[in-house]
Structures are given as C-alpha cells and as structure tokens.
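Chains A and B, in that order, are what the protein sequence lines are.
Residue numbers for the first sequence follow the working numbering, beginning at 29 and rising by one.
Residue numbers for the second sequence follow the working numbering, beginning at 32 and rising by one.
Hint data in this document are derived by calculation from the structure and do not stem from the laboratory.
Nothing here was measured: the structure is a model prediction, and the numbers come from that model.
The beta carbon of each residue, even a glycine, is placed where N, CA and C say it ideally should be.
Any given hint could turn out to be false.
[To be verified] Some chain B residues judged to face chain A by a derived CB distance under 7 Å, without partners named:
| hint | residue |
| --- | --- |
| 1 | Thr89 |
| 2 | Tyr90 |
| 3 | Thr91 |
| 4 | Asp386 |
| 5 | Arg390 |
| 6 | Glu437 |
| 7 | Leu438 |
| 8 | Gly439 |
| 9 | Pro480 |
| 10 | Asp481 |
| 11 | Asn482 |
[Stated by the list, open to error] Partial chain B-side listing against chain A, Cβ under 10 Å, derived:
| hint | residue |
| --- | --- |
| 12 | Arg58 |
| 13 | Glu92 |
| 14 | Asp194 |
| 15 | Ala198 |
| 16 | Pro388 |
| 17 | Pro391 |
| 18 | His415 |
| 19 | Gly416 |
| 20 | Glu436 |
| 21 | Asp441 |
| 22 | Val444 |
| 23 | Gly447 |
| 24 | Leu453 |
| 25 | Gly478 |
| 26 | Thr479 |
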Amino acid sequence: MDDLLIAGEKFSSRLIMGTGGAPSLEVLDQALVASGTELTTVAMRRLDPGAPGSVLDVLRERGIKVLPNTAGCFTAGDAVLTARLAREALGTNWVKLEVIADERTLLPDPIETFDAAERLVADGFVVLPYIGDDPALARRLELAGCAAVMPLGAPIGSGLGIRNPHNIELIVEAASVPVILDAGIGTASDAALAMELGCDAVLLATAVTRAQRPEMMATAMRAAVQAGRLAHQAGRIPRRRYAEASSPTGP
Amino acid sequence: MPAKGADVDIVVGGGIVGLSIAWRLSRSGRPVTVVDPAPASGASHAAAGMLAPVSEVTYTEEPLLRLGLAALRRWPSFATELAADAGLDAGTRPAANRLGGGGLDAGTGPAASDVGLDAGPEPANRLDEAGASAAVVSGLSEAARAGLDFRVDGTLAVAFGADDLAALGELAAFMEKLGLPVERLTGRECRRLEPMLAPSVRGGLLARGDAWVDPRRVTAALLTALDRLGVPIIRARVSELLRGGDQGDQVVGVRLAPSDRTPTPNRTPTPDGTAVPNQTATPDQTPTPDGTTVPQTVTPDRTVTPDRTITQDGTITQDRTTAPDQGPPLADIPAEIRGERVVLAAGAWSAGLADVPVRPVKGQIMRLRSPQPLLGRCVRGTVHGKSVYLVPRGDGELVVGATQEELGFDTRVTAGGLYELLRDAHELVPGVTELEIADVVAGLRPGTPDNVPLIGPSGTPGLVLATGHHRGGVLLAPLTAAILLGEESELAELCSPLRYRDIS
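So here's chain B without its partners, still in its complex pose (with noise of 0.2 Å):
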C-alpha cells in the first residue's frame, strides 16, 4: 500500500541502487516510497552491468575489491528472487523476444532467431567453465539468467604487446598475492576462448567466476517487483530535504520542486517511439540535483530499439516488463514527503541534496549489435595502455566502454569519446567494425574521493546515505541494500560516510 505518515523510508533516487533498496526493504516489511523523476534513466540505464570485482582489481583498491567479492557472492539469489518477484519466468529468451518479435531485421535478411541464439555462444567452452563457475551459478534461477541476461562466463582481460603483457604479467602476480582465481593465458589460448580475438593479442588473464547482466533488464525487473509490491514511485524531482527534529538538526523528508513535476528529460519521444535528444537541452546546462538531466540517446536508425518504447513522460519501458507504475497522476504529487528516514541514492547528483563528496565522472558507452554473439565472455583489454571492454549479451547486442572523464554534468556524446572506443575495441576485436551501431550513451558516475561509496547513516539523524558507487553500482547494488538492512556489519564499516569527517 502506498506508505503514508512519518513511518516510512523515502528512497530518493530510483537507479539499479535506490530501486534495490526500496525492493528489499519493502520485501522485508518495510514501508517505502521511491522519488525520482525519470527512474532508471541514469547512469543504470548507460552501465554494461559488469559483475567483475577480480578483473578489476587495481592497486591501492583492495577495500573495492573486498565489497566487489562480497557483492558478486549476493547477486544469483539476489537475481533468483528479483526474477520470481517481477513475475519473469524460463522462457524470457531476451534473445528471442528482442530479436523476433521487436521486427529488428523483419524482411530485411535471415531471421536473427535463427541462428542459434538459443543454444547460447560456444556450448564446448561452457562445459569447461561448468565446474568453475558452479559456485556463482548455484542458486541462479533459469528466469534470473534468461530474463535478466544473467551470465557467469568469466572475464577474460588481454593484452597486446609486450608492454602490455608485462604489465598484465604484473597484474596477474598482485591477483595472486591476493588469492584471487586469475589464470594465464597464451595468446593461442586465448583466441580459443574467444576466436573473433585479434591475432596480435599476446596473451590474457581469466577470471572464471565473473559475471554480467543486463542493468536495463534489472531495473525494469525491479520496477515491476516495486509496483506489485504496491510501493509508491513518485516521479517527482527533490527539490531539497526537509530538515526538522527537535534542534532542527534532522532529516525528515522531502520536498519536491513544483515546477518539475511534470518530468523533463531532455530527450523527446517520437511517433516511433525512438528517442532523440531534446532540440533545447543546451550542452551547458546545469541539471537539477536530483538528475532530471538523463543522458542523452542518439539512436541513429529508428528501428533498432524495438524491445523499447518511450512513454509520454519521456521514462523508458522495456519488453516483457510493461510499464509497471506511472505514478500518481501529476496533480496528485504532493509537495513534500515525510518519512522516517531518507535513504540518499540518487548517484552523481546526491551532492545537490547533501554535503557529500560525490562527483559525476563521465562515461561514454555504446551498444553494437549483431545477429549472433561476437563473443562468448567480457573481454577487456589495454591497448597501448588504455584500457576498453567489451560485453556481449545474448541477442547480439555488445557493450562497448566506456570513457572516463571529469567535466562535471556534461552529458554530450562527443565524436573524441566514441572515436577512442571504437579505435580500441576494434584493436582487440576487429570485427566489430561490421556491428550495427544500436545505442549511444553518455552517464554520469557518482564518484567519491576513495572510489569507495558512501553506505549507511550520515551524521545527520533521519538521513541515510547509498550513494557514491561510482564505477560499481550495478555490481553493488545487492550488496548496497543488504548492508542497510543490517546484514552485512563488516563490509558497512568499509562503507561508512562517517569516515568522511564533513559528511552532513
């Protein structure tokens, strides 16, 4: 039921992170209402979704790696118990269904279906990771794999050249001083794994156990387990918090900005239902706190987002998830909430609301598409240094990312960003070259000074903080959610925002 009075949790924010929470706290009694004006929009609608704490592992970042590890462990019954919430079942093929049914190709050449989508990429090299992987994967129900685009086939990171050998070479003897799973490849054996790998790779690192879903498919799954949970989603922007309490020193609730209730995001839909970016969204212009900028989708030929559709509120639904809550008609949306708690998660844009060191980091991302799979498991790579990764999801679509970049709420894709992708991708993978180009996509990560997000509660009374998740959101979102519900008393202290003195 739509929580009302004091005693409810306010998530505002409704990305991978904030939906999570509002799920499992609803899940576990909790009444909950979720604002956000355009709900997985942001950076959850731009992320590839990688699950891949060991292939990411950098020096100085073992707290990352701790969280990541522990994150990874929560996501299949996280994914199993998500999918049966939303009503996904085995048969959600997003191969199947995007490719078949959304007229992609429709008289245009073979039917994408047919060739061999179902059976999954390289079944030989799948029975070999079979044992290794089985830990991840148990527990994995076949509609969290099907309809979430769950995959465990590990991550296989490569290099070219010599340079970057030894450099990976290097990495490789830090993974295993952590006693992390990695194992050495030769360039031949590499190429095994993944034949469409260009000749010139050297030699690579693979991570079994990593894993990848579809953040898109996550959040419409998670709207949909919100709505028949019945908590409300206000689409609504958040102006600022209430303050309030006895010295007027705590977190109340939220006001919500009367003159954005009416959702604006800068892209408008069209009869087709593709979105183009919005003729007056100025590349300066400086977006609310709460991200009523969404990133901007330049989708060069109409027909390639059939599994998607654009409401008349601008917000993005997905195949086989329909538009599971609306919200309230406008007129309904009140001008503030009062809650228990306010659960701060609302990425790059927290800052706006509260003084926390979050920062946007930038991040161009595009999406590829093919007929069947280019590749059978992530691949990244560092090509003279710089390092690219490409994942591929079971209809074809390959993932390429993503630039990193500090310029504030900019949120343009830019031919610089696109140009440095496509160069490095088709480096490691020269086949890309002859990919449809389906989607592009500028986010914003919320970035903190330690890379490390802020979990649990502020310093201030009321105000509750999951925000900062930077490059990790998707990966820990399961995790962001159980810590705060308590399940998770060592990794929360890694997470604290206390440990940012300023923090209110």
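With the rest of the complex left out, here is chain A (with noise of 0.2 Å):
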C-alpha cells in the first residue's frame, strides 16, 4: 500500500486510532499492535503526560506516534489553551482539533471549530480538524492551513457507518490534503468503504475499543482499510443494471 502522507510526514498504515474506552492498558496496547497504526490520538484533558504507566507510556513504547486531540471542549478559547498545554507537554505542534457542540450528540461546532483552527494554524500548529460531514467546511478550512480535514461518517462512539458517503465523496473530491474519515465506524465494512469513497486514511476508536474482542476486531479494521484503498486505487467497475458475461468472449 502507498504511503500516507501528513504535512510532510509519511506512514505507512493508513488507519489512525483513538485510545478511548478500553477496558485495560494491556487490552488497548494489544489492538494498537493488531491494527499496525503508527498515529494514535489521546485526549488530552484529564491526562498528565508526565505520570508514568499512563496510555503515553504505551504509545512511546510502540514506537507510535502521538496526536493529541482537545476532546471535552465546547469553544475555541478551551481548545486553542488544551493545543498549546499538549505542545508544551508533548513537544508535538500536532493537534486534532475538536471542539464539541453539544453533549448528546458530540456533532462538531463549525463555528468555534474554524475560529480555533485559524488561530492554531497562525500559532503554528499542524491542524487537523474534526467536522460534520460539510464540504464547504472542509474547503474553507483548508484553505485556512489545516493540514487536514476530517469530516465524520456518524457522530462520536455510534458505530452508524457513514451517513453520507456522496457528502464524503464531495469533500474527498474538492480535497488537496488528506481526508480522514473520523467517527462513526462501527466494523469493518465501514471502514473499507470510507476507504472506497477516496478518503486517506480511517480515525476509529470506540469500534475496536469496545468491541467484545478488541484485538481480533483491531485486525479486522487493518484488513479492511488495506483492502479499501487497494480497491479505491484499483478502480472499480461500473454499476450495470443487467449481466454482462464474463467468460466466452474477450482476447
């Protein structure tokens, strides 16, 4: 599979991980190994970088890279002050940046989220945002410096699948930077087909974490966006209403 490639940095595993939910230390680093991710996001309030044993000790001993996230923040004030506490703790000028409407639902503010993106992006942070699945949202911030977008399939933790595939494929469309389809994976299935629509890369958590077996279904997602991109790349053919035989005639 070909590289992904993130404001200049390469990986080579195409599904980034969230490290919410799981029941135990040793389960989650189990899925982490599983899945082949080299960017896992972490949460950043209620997490003191500097404690030891804690979710970074695994990440770190993986070899795993870390993207911290501002989850829990309701404006753009809250999640620039939770980006520039997780640089200065983590010695990373990467963020995902999220910034929560409502609790019910966890659907992302555009509003408060493009405030804060174009004051990360002056402050010079490498922004990834997390929004609704709105093409014109992900054009503009785009064209604000975010390194990427990542537009939801369905809201936080709901395992619903993508929604809106035609919206995804209208903002992978318009896309020049990575498109990660983030939220809403529920199995695999999801994930191969977020894949097929053109997206980059995959953003799941709660569906490996929560899963009766985290590891096995850790796998399953690493197949399925293996198999996503290679079948997006390998063009597929086009939906005919009736049969066309495949055998007698040809060279």
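Dock chain to chain to rebuild the complex, using the hints, since each chain is given by itself in its own frame.
As structure tokens, then:
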C-alpha cells in the first residue's frame, strides 16, 4: 500500500487509532499492535503526560506517534488552550482539533472549530480538524491552512457507519489535503467503504476498544482499510442494471 | 506482642488490603508489623465499597470476574470474623449512631433517627430478595451487617434511552453466556424496586447477589482488631526496601524516612475536628512513594462529619472504634525494620518502592446525605454512554462515584469532576440534588496494565506483592489475604506478579 502523507510526514499505515474506551491498558496495547497504526490520538484533558505508566507510555513503547486531541472542549478558547498545553507537554505541534457543540450528539461546532483552526494555524500548529460531513466547511478549513480534514461518518461512538457517502465523496473530490474519515465507524465494512470513497485514512476508537474482542476487531480494521484503499486505487467497475457475461468473449 | 527481629512479616501500606493481610497473618499466628504514615486514608478512604463482581463485568475481563466472585464468597465470613475480632456488636447501628449521636441535625429539624432507619429501606423488597441473597448472607453475623454496614441487596444497572438499553442488552447476553445470575427488568420493574429512579429509565439488569460495605468502617474495624491482637502499626513512611542476603538480591526489611516520621497528611485538623485542605499542599506536589499524600477532603459544612474526628497527627478515627493504635511515640520509630518478608501493599505508591507496573488512576467521589435512604440497593447507570454509580448506606449516606482520570498523583477535587458525577447521578435519580454534600474526595487507585492485581511472591526473595487492585481493593481484600496465606492456589496463578517479567 502507498504511504499516507500528512504535513510532509509519511505513514505506511492508513489506520489512525483513538484510545478512548479500552477496558485496560493491556487490551489497548494489544489492539494498537494488531491495528498496525502509526498515529494515535489521545485526549489531553484528564491526562498528565508526565505520569508514568499511562497510555502515553504504551504509545512510546510501540513507537506510535501521538496525536493530541482537544476532546471535551466546547469553545475555541478551550481548544486553543488545550492544544498549547499539549504542545508544551508532548513537544508536538500536531493537534486533532475537536470542538464539540453539545454533549448529547457530540457533533462538532463548525464556527468554534473554524475559529480555533485559524488561531492554531497562525500559532504554527499542524491542525487536523474534526468536522461534520460538510464539503463547504472542509474546503474553507483547507484554505485556512489545515493539514488535513476529518469529516465524520456518523456521531462519535455511534457505530452507525457512513451516513452520507455522497458528501464524503464531495469532500474528497475537492480536497488537496488528506481526508481522514473520523467517527462513526462500527465495523470493518464501514472502514473499507471510507477508503473506497477515496478517503486517505480512517480514524476509529470505539469500534475496536468496546468490541467484545478488541484485538481481533483491530486486525479486521487493519485489513479493511488496506482492502478499501486497494479497491479504490484499482478502480471499481461501473454499476450496470443487467448482467454482463464474463467468460466467453474477449481476447 | 510487637514483633522484633527478623522473623516478622512487614506489611508496607495500611489500606484495606494491607490491614486485611496483617490481620489474617496475625490471626494465623505470624508476627506482623504494619508501616503506614496515615493508615486507612488513601484509596480505601475514598472507595465506595461495592462488592459487585457481577454487575461490573466487562468484555475482556473474565479473569477479574473469577477473582471477584471468589472474593465475594469470602466476604461474609471475613466480615463476621472481623466484627468479632474488633468487638463490634449487633447493636452497632451505623445509622442511629451517626445521626442520633453525632448531632447532625440537633435542633434543626426532625431527628433523623426517627424516620424508620432501623427498619431498613423497603421491607417489602427485602422479602423477595431474601431467597436469592441467602447464599451470600449465610454466615454473616448481625454484628458484621450492622457494624460494617454490610448489605447484600443487589445491584441494579439501569439504562436510559434506546442506545444505552441496547448496550445493556448485549451485556446481559454476555453475562448469561458466562453463567452469571442476572435478571432483565423493564423500566417499570426497575422503578417498582427503586421508586426514586427517573421516569425515563428504560430497563435494567438486577444482580441480586452483589453486595456492598462501608470501607471506612472496615478499615476502622481492622485497626481495632490489629490493636487487640497486639500488631504494631508504625506510623512512618517507608523510604526504601532494604536489600541484603548473600548476593544483596534479597529484600530483608524496610528503611523509614527520617524526615517523615511525623505524619504529614495535607490536611489540617480544625478545632471542631473537621478537615480542611492544607494551604501548603500545592496541586503539583509530588507525593512520596508510600503515600504520605492523602486525599484532600473538602468538607463544605463543618457539622457533617460528626462520626469522625481528626486526631493530632491527622489520622481519622470513627465513632465506636476508638483510635486503636496511635503507634509508638515518634522518638521510638526506628530507622529501619528487618523482617523475613516484606509485603508491599502500598497501593498507587507501590511503584516508588519496587519495580512494579502500578500507576495511579485518580477517582473523584462524593458522599451525599439525606435523613432517610433514597435507594434500597446499589444503582449503576449508563447515561449517554457514561457510567455512574450510587451506593446507599443505612444512615442515609449516598455515595456517588467515580471519575477515572490518568493524572499521576494529582488528588485535586475539580469542578468538572463533581459536575459530571452530579449531572449523571441527577439523570438517574433526580432527587439527589436535594441532598446535603457531606464529603468529596479524590483517591488514587493502583492500576495495572491488565487491571488484575499483583498478589504473591515477586521475583525477589523476601518481597511479596499485594498491590495493583485498581477499582477492586475492597472487594478483593479478603481474597488477597487468602492467597497470601496459601488458601487459593488456583486463583493465585491468575494474579501472580510473575506474569510480568520485569518485576523485581
């Protein structure tokens, strides 16, 4: 599979993992290894990067790049502050920007997100914003200097899959930065579909961490992302209403 | 008698695990010494005390379930023997004592003890549960039930909204596959059992065999029992383990920190006996390895803790259990203690003394108080995917817990932590907002990578581990002691520290 390129950095895995919801660090560790991920997000609120034995140690030990996120922030101000604290604590200027509109849906707030993105880009961050499946907003964020856009397939943790594949296609079509399908993945076929639609990567957490057998689901997701990417590159056949014989004719 | 010389087991850590081990060892005839700068003030002081292995089952954690079930089976006889050793009697009604004797409401309203506490909540419900919980209750003395507030009334896990209900349904199927006795209930059935539940409850799971206990009463009873057995409790901080033996590869005792011989928990006793956070305790302060940083207890209303007094050295004693052992005078605390075995039971601080994979996992928890119990059994709930539990005590105390935060040794109580607890508790039981806030605490659970404790011989001769109990210290305390006494060889395998190669 070809490399994923974000802000000039290469990743051979196109599966980005989240860490929330794992029953134990050991289970998380096994799942991360099985997923083959090279980039993993960590919620910076309620995490002390200096504390030994935390999830960060697991990532460091596995050589997985940490992508701090601003989960739990409701305003641009909170998000910018959290991103700066993360940069200071972790020594990375990458941030997955997440500004939530309400606790019930956890849908991203587009206005606060855009506001924070502008400020963070100006402050030298590599910004990967989590957004709704809105092609116009995705385009605007790219123009504002974001290093990628991360539209949702469905609300966080819902496992509903990709509710509007058409919008994801529109976002992919217009984007010249990587499109990372974030949130909503429930099972392997959802991840494969995201890649078939042309997304550059998939980010998921709950689908693996809350599965009955997380390690096995991580293996499935890894394969699905690869399969979807290959299928996308191979070029699918056009859909036809009627059969087309595959054997007798041809060269 | 105070144990002297090398033929003694030194238990490092006086939380519920360390004290339980010391008590069982001493009872079996072993000379034991406990070392802790402030016994019973760490995670045991914060813990809610749920003995709920069934309702706490999660995917991937079957080993923990096996341990929990075995531990629950041990609890009734453990509690009964403890109540006897501590001299608790059946008349020790926690409710009447606390509210009647402590002056909580003296003159400010109807006497709390008049509202039928002695009858217990909802006698009618107790009848239909009598059969199911008989197995657990058999062997539980009235003294243990009353003195430790040991209850076997089951846990009700409830769900709100279709999503949470579906998740609960899947969990129920998983539990049934594991052969666990749970019953699925409709929303109306849940509310018949617990009328204070919000009308929006959609359904629930009842685990009738789950129990709970008041950990503060248990540790107080353990301290009394140890005092009666003559077990010394040295109130000092262990600075390091003493290495010795032929190759210097053995643990032969502990060194006590000279500068910390005066216990310095970061709260200051006030004249009326309540605790306030010490002004000098900065949030970022790094605690010492064996736990001299104790949770900060914030007591908004200074009259709400009539049952507790803070002694001059900052330790907490509870009513009915007089301070059992204030330890020897400080001048008598030796620089080191040698022993045959060192049992490391220092909870979240264990990694400061030995190379063990234990990390602190912060939990904020609050205790509310009402004149009469709001609930008859433990209630857990998922509210939009987040879980919260409520544990009722006989005296009207209602424990609401708990956050899980990876913040190192931080024990600050935060607005966000309490907000989340109350927000979710209020969704479950709207009436909680009418209750008085009695106590808010942040404690540190000792977490391991696989959530299973480390119990048994370490790779180092002379060093035995009893740590890493994470969320299950209270439940697993009797089992931990049993494992160390060689009574549970099969389960000992599950928690053997040797599953981690690097331990020393």
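Quick rundown of the hints versus the structure:
no., hint, result
1, Thr89, "5 Å, holds"
2, Tyr90, "5 Å, holds"
3, Thr91, "5 Å, holds"
4, Asp386, "11 Å, violated"
5, Arg390, "3 Å, holds"
6, Glu437, "5 Å, holds"
7, Leu438, "4 Å, holds"
8, Gly439, "3 Å, holds"
9, Pro480, "4 Å, holds"
10, Asp481, "4 Å, holds"
11, Asn482, "4 Å, holds"
12, Arg58, "34 Å, violated"
13, Glu92, "6 Å, holds"
14, Asp194, "8 Å, holds"
15, Ala198, "9 Å, holds"
16, Pro388, "6 Å, holds"
17, Pro391, "7 Å, holds"
18, His415, "6 Å, holds"
19, Gly416, "6 Å, holds"
20, Glu436, "4 Å, holds"
21, Asp441, "6 Å, holds"
22, Val444, "14 Å, violated"
23, Gly447, "8 Å, holds"
24, Leu453, "14 Å, violated"
25, Gly478, "7 Å, holds"
26, Thr479, "8 Å, holds"
Going through the hint list in order, the structure does not satisfy hints 4, 12, 22 and 24.
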